[in-house]
Amino acid sequence: MGQLPNLLLAGLSTGSVYALVALGFNVIFKSTGAINFAQGEWVMMGGMVAAAGHAAQWPLGLAVLLAVVTVMVTGILSERVILRQLARPGPLVVTLVMIAIAICTKSLVMLVLGKNPASLPGFSGSTPIDWGGLRIHPQTLWIIGITCLVMVGAHAFFERSILGRAMRAVAAQPEAAALCGIDPRMAMALAFALAAATGALAGAIITPLTLTSFDYGTVLGFKGFSAAMLGGMGSLPGALVGGILLGSLESLAGGLISSHFKDAVAFLALLLTLFLRPAGVLGKGEVERV
Amino acid sequence: MASLQIDDLCVDFGGLRAVNALGFTAAEGTIKGVIGPNGAGKTTLFNAISGFVRPSRGSVRLDGIDISTLASHERASRGLSRTFQNLQLIPDMSVLENVMLGSHASLRAAWGASLLGLARREELAAEALALEKLELLGLADRSAVPASDLGFADAKLLEIARALAGCPRVLLLDEPLAGVPLEEQNRVVEIVRAINRTGVTIVLVEHNMRVVMQVCDEIVVMHHGAWLAEGSPADVAQSPEVIAAYLGTAHGAAPGTAPGTTQGTAAGAAYPQTDAAGHGTRGNHA
Amino acid sequence: MSQAFSPAKQCERRLATVAVLWIAFLAWPLLAGNDYVLSLGVYFFINLLLIGGLNLLMGFGGQISLCQAGFFGLGAYVSGVLSVRAGWPPHAGVAAALILSTVSALAIGLPALRLRGNYLAMATLGFNAILTVLFTELVGLTGGPNGLSGIPPIILAGVDFGSPQRFYYLAWAAGGLCMALLAVFLSSRAGRALRAVAASEVAAASMGINAFNAKLLAFMFSAGAAGLAGALYAHFNQYASPETFNFSASVLIVVMVALGGWGQYWGPIFGAAVFTAVPELLHKFQDAELLVFGAGMIVVLLFLPQGIAGCVAPIATRIAAGMTLLARTRATRP
Ligand SMILES: Nc1ncnc2c1ncn2[C@@H]1O[C@H](COP(=O)(O)OP(=O)(O)OP(=O)(O)O)[C@@H](O)[C@H]1O
Ligand SMILES: [Mg+2]
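Residue numbers (this note's numbering), protein chains in the order written: chain A, 1 to 290; chain B, 1 to 286; chain C, 1 to 334.
Only chain A is shown next, with the shape it has when bound in the complex (with noise of 0.2 Å):
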């Protein structure tokens, strides 16, 4: 079997990844118009997290936990303690702020858990299924199962519940939500709440496949926002689509012409998005152009 389909699928499992990233940006930039920088410190805060819960002789699923609930607890200390005492909270002044979160994350997490990179193993051993000459890294077939777990999820909640609903009418309409009796800072709390929880997650199950490290989290972010814009900004099946787009053009390029310039794709995805189709492949184009 040639090299194609190990490339595809890899493509896949770390697309599934930079879609989970992306679904966290895009949840903070419906409910704030903001850029979260502190998406992908989020990510490498759950692999970091689980990874020492791991060394501690924690069971590896208890661990992954403790690494959501922490994060998802900075995420909404986040919000709580310092985004809510902006005075004046536009968008400009939202992402510089949480640029500044994203500072502080980092180097707490370093201060705290260290410099050296962690690892976990993956969650059912490392042994590759060999599968028709397609050799399958079991912890892939986690990953993927769980993207597409989350993704169902997001989805049911924002179609069907009511504090789903309730959260859109909020990003659509604050005044007039607030009318309806939503809470638009209960909706901002539960928007950084889910980005957090779905960042850890995030790093947690691509940790046994990668490593992780107090420095990690910057790439990650980038590369999810690339996915999030190539796929729409604020558009949830943009997300799963630019994500799994993103990955699989990254291992192509990687694979097919040179590791080393394998970063410089999600740059060129992104130029090429922003000249081409502002508001991504899945967006309706509300991205207004001056």
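Hints may be right or wrong, so weigh each one.
What the hints assert, rightly or not - Derived CB-CB ranges, DEER-like:
#1 A/Val112 with C/Ser163: 42 to 48 Å
#2 A/Ile257 with C/Ala157: 44 to 50 Å
#3 A/Asn6 with C/Cys311: 56 to 62 Å
#4 A/Lys115 with B/Asn86: 51 to 57 Å
#5 A/Leu77 with C/Gln165: 48 to 54 Å
#6 C/Leu15 with B/Asn86: 47 to 53 Å
#7 B/Thr198 with A/Asp183: 30 to 36 Å
#8 C/Arg166 with B/Ala125: 26 to 32 Å
#9 C/Ala92 with A/Leu77: 21 to 27 Å
Stated by the list, open to error - Straight-line alpha carbon distances no greater than 25 Å define the calculated SDA-like cross-link-like pairs of lysine to any residue that follow:
#10 A/Lys30 with A/Trp58
#11 A/Lys115 with A/Val150
#12 A/Lys115 with C/Asp287
#13 A/Lys115 with C/His283
#14 C/Lys284 with A/Asp215
#15 A/Lys115 with C/Ala288
#16 A/Lys115 with C/Pro279
#17 A/Lys30 with B/Phe13
#18 C/Lys9 with B/Pro91
#19 C/Lys9 with B/Met93
#20 A/Lys30 with A/Leu149
#21 C/Lys9 with B/Pro146
#22 C/Lys9 with B/Leu129
#23 A/Lys115 with A/Ala189
#24 A/Lys30 with A/Val112
#25 C/Lys9 with B/Phe13
#26 A/Lys115 with A/Trp58
#27 C/Lys9 with C/Ala327
#28 A/Lys30 with A/Ala189
#29 A/Lys115 with C/Val133
#30 A/Lys30 with A/Asp183
#31 A/Lys115 with C/Leu281
#32 C/Lys284 with B/Leu137
#33 C/Lys9 with C/Asn246
#34 A/Lys30 with A/His260
#35 C/Lys284 with A/Val112
#36 A/Lys30 with A/Val150
#37 C/Lys9 with B/Leu150
#38 A/Lys262 with C/Leu134
#39 C/Lys9 with B/Val145
#40 A/Lys115 with C/Gly147
Because the hints were derived from the structure by calculation, they are not lab data. None of the values given here were measured: they were computed from a predicted structure. We treat Cβ as the ideally placed atom computed from N, Cα and C, and that holds for glycine.
We have chain A already, so just place chains B and C with the ligands on it with the hints.
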């Protein structure tokens, strides 16, 4: 100086047709009133004329030249100025600089030249012109404060001063009297007249019927986005369709046209005079 | 508020204050006991170019660039590589660095600034990422992760600027020039236009301002200032390595703009002072540096929206006013 000609203009917001096949002409040097109940589409019309919303059909001509494909800043540099119902000032800039902004298009210094400070004389002239306009509107003593320190009425006057600093050929005024205290309204009316006397064509949207009847040469009435009537103030005041539209007998009560304070008006009590509180609450339309 | 406000006067006042400050800065080489302390002065001016340029774009134009360190590196490597590998005279390399960084800003800005919103932040983030890849991977040109060494010092009109003493004056002049240009620009037609665009693109457009041009110009200025800073840095340090110019460095420059005073004319002076001095003061606690900067930025954004400059400037104005009053009363005394 210049005429403004609207033809078959339509603006759609999703399923809502806010301006519907509207056409009229504001002849050179005249004051054209545009009236209609709340939500009739007057502000949307202004937004389409100045290029802030894209019409789905129709054309806007300035002096016979079609400007519908131009960007809003290009229209402004051709001498089409406007004020905003909901105010568009730069809050943390001084009052003086806000007015100087108005003359942006008429200054010629290239970007590079201003970077190197080669346009000092032009700058000083712009400053003097801005002060002159502020004096005209009685704001000269507040030139140093940030625009955000002005009250609503003064802020409205500041918008007019800024629009004037561009030496416009056509000026669109969106409810210049809303929120201006009664005792100052006459001054604003006088200023509008004075501007017009210098040859500027004015399109005036205003709910104060007494003023509209007094100052306009011609009036066009809008209802649900469409042309309802047009003519001299006296003709329009007597038109049964117009009276019906305002009182809501033709199409059922139009929402938002709560009868306000009724002052003695030239047009009679047929026109409910809405107060300022009813306007300017909607967000930025552009 | 009795005295009338005038942008032209404001510009003159700023220029006069810059002149006084810069004359005072001439004393630094005399005060600095050794070359190391003297070189901190050089870095102050280099940082001033970086932060001052970005403040124009971010503070006055309302657009975030996360590639300031990338343009800084582009300037350093363009000038460094041209003089090391191609044998160009260093001053020609500096000019090339200035031009290339400005032109690449044009290329990024053209698509990204056409969109309303903060898309520039992400385009520049990506550009910084790609520049870092290039600096590291083009080993033949840049020396790769080991860095580019042996960059020759600047020689201008027969004067060798190789020693910190001499180089200080070069950096001093570049920093002063940048502040003077900013003062003139901000009270000009174009500067007003930029500030208007940041506050309301609708208002700006209704005045005939082309928002796209205004933002693009500010972005090109900020990149050009960074490119110049990079070229100066490379020839002063005679060495450049990729990690100086990575995304984290760009973020730190953004932090410094906010700390110094976002959209404040004097902000970059304070930002550059903090950026130069704090790492020295925290030398023993290097790991805490990021946390200090991040927390400082949060405090500033929440409680001091005008940054350090916003706190210091009113005091300085009062002192200056007091001194002129004092001088006047002395003069009138018989
Ligand atoms: N950006 C927009 N999106 C959707 N609908 C809009 C938008 N702007 C205006 N409308 C709708 O278009 C209609 C016309 O509004 P417009 O503001 O033009 O009325 P108006 O005549 O200026 O009213 P008023 O006298 O209250 O100022 C209204 O129904 C309004 O809700
Ligand atoms: Mg209106």
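To test your reading of the hints: which numbers does this structure violate? 6, 7, 8, 9, 10, 11, 23, 24, 25, 32, 33, 34
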